[in-house]
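S.K.: Protein chains in written order, with my numbering: chain A, 1 to 242; chain B, 1001 to 1222.
Keep in mind that the hints were calculated from the coordinates and are not lab data.
Note that the Cβ used here is the ideal one computed from N, Cα and C, for glycine as well.
Beyond 12 Å from chain A on every Cβ pair, some chain B residues (computed):
no.: 1; residue: I1008
no.: 2; residue: I1016
no.: 3; residue: A1018
no.: 4; residue: F1038
no.: 5; residue: I1040
no.: 6; residue: D1043
no.: 7; residue: L1057
no.: 8; residue: Q1075
no.: 9; residue: D1076
no.: 10; residue: S1079
no.: 11; residue: S1086
no.: 12; residue: T1088
no.: 13; residue: P1089
no.: 14; residue: L1092
no.: 15; residue: P1124
no.: 16; residue: L1135
Using C-beta positions, here's what the derived DEER-type ranges look like:
no.: 17; chain 1: A; residue 1: T50; chain 2: B; residue 2: L1160; range: 38 to 48 Å
no.: 18; chain 1: A; residue 1: P21; chain 2: B; residue 2: I1040; range: 53 to 63 Å
no.: 19; chain 1: B; residue 1: G1041; chain 2: A; residue 2: L110; range: 29 to 39 Å
no.: 20; chain 1: A; residue 1: L214; chain 2: B; residue 2: L1115; range: 53 to 63 Å
no.: 21; chain 1: B; residue 1: S1196; chain 2: A; residue 2: R227; range: 45 to 55 Å
no.: 22; chain 1: A; residue 1: A28; chain 2: B; residue 2: D1043; range: 56 to 66 Å
no.: 23; chain 1: B; residue 1: A1039; chain 2: A; residue 2: W120; range: 19 to 29 Å
no.: 24; chain 1: A; residue 1: A141; chain 2: B; residue 2: T1193; range: 32 to 42 Å
no.: 25; chain 1: B; residue 1: E1187; chain 2: A; residue 2: V106; range: 35 to 45 Å
no.: 26; chain 1: A; residue 1: G25; chain 2: B; residue 2: D1076; range: 50 to 60 Å
no.: 27; chain 1: B; residue 1: L1082; chain 2: A; residue 2: G25; range: 50 to 60 Å
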Amino acid sequence: MALIDLANPTRFLALTARVLPWLIGITALLMLFGLQQSYMAPDDYQQGATVKIMFVHVPNAWLSMFVWIVMTAAALGTLVWRHPLADVAAKAAAPLGAAFTFVALVTGSLWGRPTWGTYWEWDARMTSVLILFLMYLGLIALWRAVEDPSRAARAAAILTLVGAINIPIIKFSVDWWNTLHQPASLIRSGGAAIHSTILIPLLIMALAFSLLFLTLHLAAMRNEILRRRVRTLQMMQASGRA
Amino acid sequence: MTALGALIRRDLLIAIRAGGGALIGVLFFLTVVVLIPFAIGPDLPLLKRIGPSILWLGALLASLLTLERLFTADQDDGSLDLLTMSKTPLELTCLAKALAHWIASGLPLVVATPLFGLLLNLEPTESLTVALTLLAGTPALTLTGMIGAALAVTLRRGGLLLAVLVLPLSIPVLIFGVAASNAAALEPSSFGTPFSILCAITLSTLVIGPVAAAASLRQGID
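So that you can see chain B by itself, here it is in the shape it has in the complex (with noise of 0.2 Å):
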């Protein structure tokens, strides 16, 4: 338990200590979505539309964006060796990688979605739903993604091959993400069906996630 939560200490602290790392993330999605009234035109109301699909969008790729450094850190350093044949099972090891990763870069995103709400003119019951949506949704796409970033670590050429791997992935998730964001604000009561089914996908990634992420990582080092 006590190395577990020093992994969780190191990786928070390399996040906010090293280059900045967590803030990269939201930078990404904000300029993602500036950029979105820039192609379609600074529509107010199809914004107001469009908006939690953007804000959902944006969240993906700037999740996407930081997931390579999940794994590739710890691999330059040989820390990742290290970890493999530590007496602690991998599965827990990545699934506290996963958390001190969700924890830096993922909660975030969700922190500043309420704010990024404004720019696209949704109400702040909107924004705060799609907020509560992300919270339920991205550790999703960490887990996933870190499926994707195990199997592309051992990989010389694995930043653009994690995107293909890990996006269809996401599919699910994103599709419940933004039903359940939309259902809040046309029709509040049926918000509760693909809320529910997030947070399933969310649960069921916990389990299958650090399993897989940690037989792929075996796999590379042998």
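Same shape as in the complex, but just chain A (with noise of 0.2 Å):
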């Protein structure tokens, strides 16, 4: 029943309202707690002081297709149960998941510099994270090209479903393409293969991450809603003095 409740857009604003400053406060505190932990995790044998760009990468690379399936369940909500605040959410998350792809892609190429001697190799997991960065944009463009929000929102909600069947498609077949990423250490079978000195600060960047995403979407969300209650008054106004 608290999804239905929040379907009150000032509701939903006044819940968030509350909610934020400790959202904010929490995440500050453990991405602090969390840097700090990266900053004291030992060294790899092989790779030295690099391995740390792992803390940052790793997170925002498992975000970027978090956010994707938010935008996905947000997605269901527009088409199936017109959820108002649906396409609020897909809206907000999009630059959001945009750029959690680029901060992935950039630290990913800073991290193959010193350790693979490139900075970009057309190596499958690249190849599909740089395609769900274009598949971001695209989205963007088209949220932006059509005026009317509801409308936008289906458009945009259809797009999403869509990439979503494709991107583990995308995903399959750039592996099948061409490989030199390592593959998964951390879920697998055989649990996981990190030693708990780096994984423990890895998952707390994760969580960090995470709330960093809560956080930003919940205020992004906010914005969005105060955006079209101005727009809404402006044409109420304009219409007015007419």
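Now that you have both chains on their own, put them together as the hints suggest.
M.R.: What follows is the structure in structure tokens.
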């Protein structure tokens, strides 16, 4: 029932106004703690200090995919249930997802230079993340091309769902096409392949970045609701004077 | 059924009679194939090696070029409103339009491929294999492109956005199309796997494409 209660934008604004300061505080604390833990983590015997890029790279790479899942859920909310906040959530998530994807690409590239000897390689994972980035940008372009927000929402929802089907296909197709990136080493059969001194800071950073996404997402949703109210007021004012 | 048949017949007649629509795509395809040797130099062994990729890329761009016409003409003269309001399910209407569009603009590309292969120093069998992979792959390009065309038709600045939306979706088709063509040239025994996957992608877009295109047309109308 909570989701239905939140359908009222005013109630959503009131709730998030109370939650957001706490969320910002917790995120900042956890981020600082995670950074400190990452700083204290031992260097890799092969890669040296560059392994610490991982603490930023991996959480961002996870979030780049997680945000598309959030947008897919929001797209279903828009198309199936016509939830009034679903399209606001989808619209607010797209630039955040693009940003996380971009950070994952940049940190990965900086990490690749000392370890693989190249900034960019047409490897399966990097290519599929790059395509994910392009799809985020296309989605943002679609949001901006339509003026009426509710029509833009439905168009973007369809593209999000098609993208959700396509992303696994791209992922597997480029996997067979070319590969250099290491396979998944955390969630795999036989347990994690990372020592706990590195694993724990990584998990803290992943949680911190997820909270960062939640905070920014709620704040962006608030902005979007307020922006729509301003737009409606401006249109009412314009039609009243005409 | 007759309504769909009449729609296919109408779209084909428009494509053949009005403005030479079908041949523009082939002409663009030819231009792309001709431009490549200018860009990389007339190195025949290199052209032979990358020939299948060039043919695939040219066909992909040519099919993208003609996609915009899939719905815009119908929207301009108002028949798109009639199609969305008719008793025939919009999904089937979209499928019929995609079929007509593929016959008018995809099939000529496939037919022209063996000829263009000669320009790239490909053996006749290699050219025919590329044509075969294009025959299996171009329907997928049309069907995924139709989703983008249906999204873009309701926008005023649709043209460039269409390319941005459609090209990332067509990457798997390109990968497996080129993989199958190259496999046929290098070791014929490994042709089956990428070709089967290419066919599988085409079949799944056959389901996803019309449904998604119909959904985006509906949201654009009301």
